[in-house]
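*Asks:* These are the residues of each chain, in order.
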Amino acid sequence: MTMRANVNPAKRHDKLKRELPLYMMLIPAVALVAVYSYGSMAGLVIAFQKFVPTKGLFGSEWIGLRNFRNLFTMPDIFGVIRNTVLISMGKMIGGIIVPVLFALLLNEVASSRLKRTYQTIVYIPNFLSWVILAGLFVDILSPSNGIVNQALSKLGVGPVFFLGDKTAYPITMVVTEVWKSFGFGSVIYLAALTGIDPSLYESAEIDGAGRWRQTLAITLPGIMTTIVLMTVLSMANVLNGGFDQIYNTYSPAVYTTGDILDTFVYRLGIQNAQFALSTAAGLFKSIVSFAFIVVSYFLADRVAGYRIY
Amino acid sequence: MAKKVSASRKTFLVANHVILIAASLLCLLPFVNLLAISFSNKIAVVAREVAFWPNGFNVDAYKFILHSNAFSTALWISVKRTALGVAVNLALIILTAYPLSKSKTEFRARQWFSWFFVITILFQAGMIPMYLIVRYTRLINSLWSLVLPGALPVFSMLVVMNYIRGLPQELMEAAYIDGAGHMRTLWSLVLPVSTPTIATVALFSLVNHWNSWYDGMIYMNKIESYPLQSYLRTVVINPEAFFRNATNMSDSLQRFVNTVNARTTNAAQLFLGMIPILLVYPFLQKYFTTGLVLGSVKG
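So the protein lines, in turn, are chains A and B.
For the first sequence, my numbering begins at 1 and goes up steadily by one.
For the second sequence, my numbering begins at 1001 and goes up steadily by one.
Just chain A, same shape as in the assembly:
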């Protein structure tokens, strides 16, 4: 607590002098963020131009919303939006339910050494890149050689084209994403579980409540705020289908169900050099995402007092 009142000019001068080093410290970060983050935001103007790279940002012709009109008359665009939302919703739901269940089961393990062993194993995939994991899944899910299809054929099933079949592909994406993240996703719920007052369980036991009753009446309500919080925060990802995962596993055979906004933007922009059209698609995504992020942070603050800053 500082009690100093800053009214007289000499003191105000002192204060600025005292603040000066703070400004100096901020210079490098402000400069780089200004150039790259804000600079790229300024670059969004090409969504409204007939952008020609050789003419640059200032020389290209302005065409208003024509890029957007062209974008939304593309035959694939609504399928792409639908795929994005479906895949991200699937990941959202799986990404809440599985970690919660896993945390609840882990919480019942009495031995802390066993508990740690389970945790150590299931957290691993979370830290590996989708390039590595895509390489892994392309191998183990291969219809001809993969170990998964070898096992399925012993059961008389398959072969299943996990990454090459239109129906199987989005399901594979949801399942493999949940596989990657459920272990580490449970950390937050385990933390919430340790925060539950143990005396609640003791008094419930005295009242004759069984373990199942205790789970329903104490444990679940105890972590409900966290569950709601994570659900709300995950809403911000509604247009993030998972570029890293999908770009590294998809193929033209599954475009109709597996192509998402980010991969669409990438192919349009980087591979076909349609800079303006691709930026328009990206801007559409950024604006919708911005709305979802703001709403989800607002709700997170309301329901759980969560603030990023």
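No lab work stands behind these hints: they were computed from the structure.
For each residue, glycine too, the CB sits at the ideal point set by N, CA and C.
None of the hints are false.
Which bits of chain B does chain A cover? Going by a derived footprint, with three or more residues having C-beta under 8 Å, they are: (1) 1028-1035; (2) 1103-1116; (3) 1174-1184.
When the alpha-carbon atoms are kept at most 30 Å apart in a straight line, the in silico DSS-like pairs for lysine-lysine are as follows: (4) A:Lys115 with B:Lys1010; (5) B:Lys1286 with B:Lys1102; (6) B:Lys1222 with B:Lys1063; (7) B:Lys1102 with A:Lys15; (8) B:Lys1104 with A:Lys17; (9) B:Lys1063 with B:Lys1080; (10) A:Lys15 with B:Lys1104; (11) B:Lys1080 with B:Lys1222; (12) B:Lys1102 with A:Lys17; (13) A:Lys55 with B:Lys1222; (14) A:Lys166 with A:Lys154; (15) B:Lys1080 with B:Lys1286; (16) B:Lys1286 with A:Lys115.
Based on these hints, arrange chain B on the given structure of chain A.
*Replies:* Frame of chain A; chain B shown alone:
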């Protein structure tokens, strides 16, 4: 007070362990399979006779990769990129978190700067405008293109900022009274007590830099300049071409042709790409857990 364990409770506990063991195996076995393939003879691999144990054990796939320059080059670029990236990230995180941790009376522009950074989390321009800026600032084909666009990880900075705010204010005031300036307070007072959080965000940025692949692919024009993950992404998607080229290029690789094929070398390359993450994994587990909890419950 000895608790009596009922029969139904016992059944539950057994079932619980069965489920947890199954979940653990589900996470582990894919890697075991891949590892077994990387150490197996190509004949066994083609005949689908490899499950979770190498068949015709050999390390030729690893020798093959380490003999081909492409992998080592990409590995070295990744090491440089990660070292540079983590250093830049940490420097900027610390230099930004400290001023923003000050109260509004101590640093009047605090709010203004905070929003300046937070907005970049809320709204991102996307890949094409970023690509154009990187090109405009002449970073294409330079290692800096992988470091400067994300020089300040804002979320990590907020985690550190919250931590510094939670430090006892009396400490800072005592330092001020003793005549220490901000730079000195930051260096000899705040940094030493913030090591756990700084370790957390350092690991965060290490994993991010090591795992990034997409920036390398779009900001580098030649595959020889790709960091490891971008390189892996390219050769794993098109292994046959890589294999054909590599065998044509060098005679010293010919001797491996009878024992390795694209699948065994791929498996080996994926494994080598995981090693740095596995090496820091014990720390990751420890610090990420605290970091995650820190970042999410702090108001």
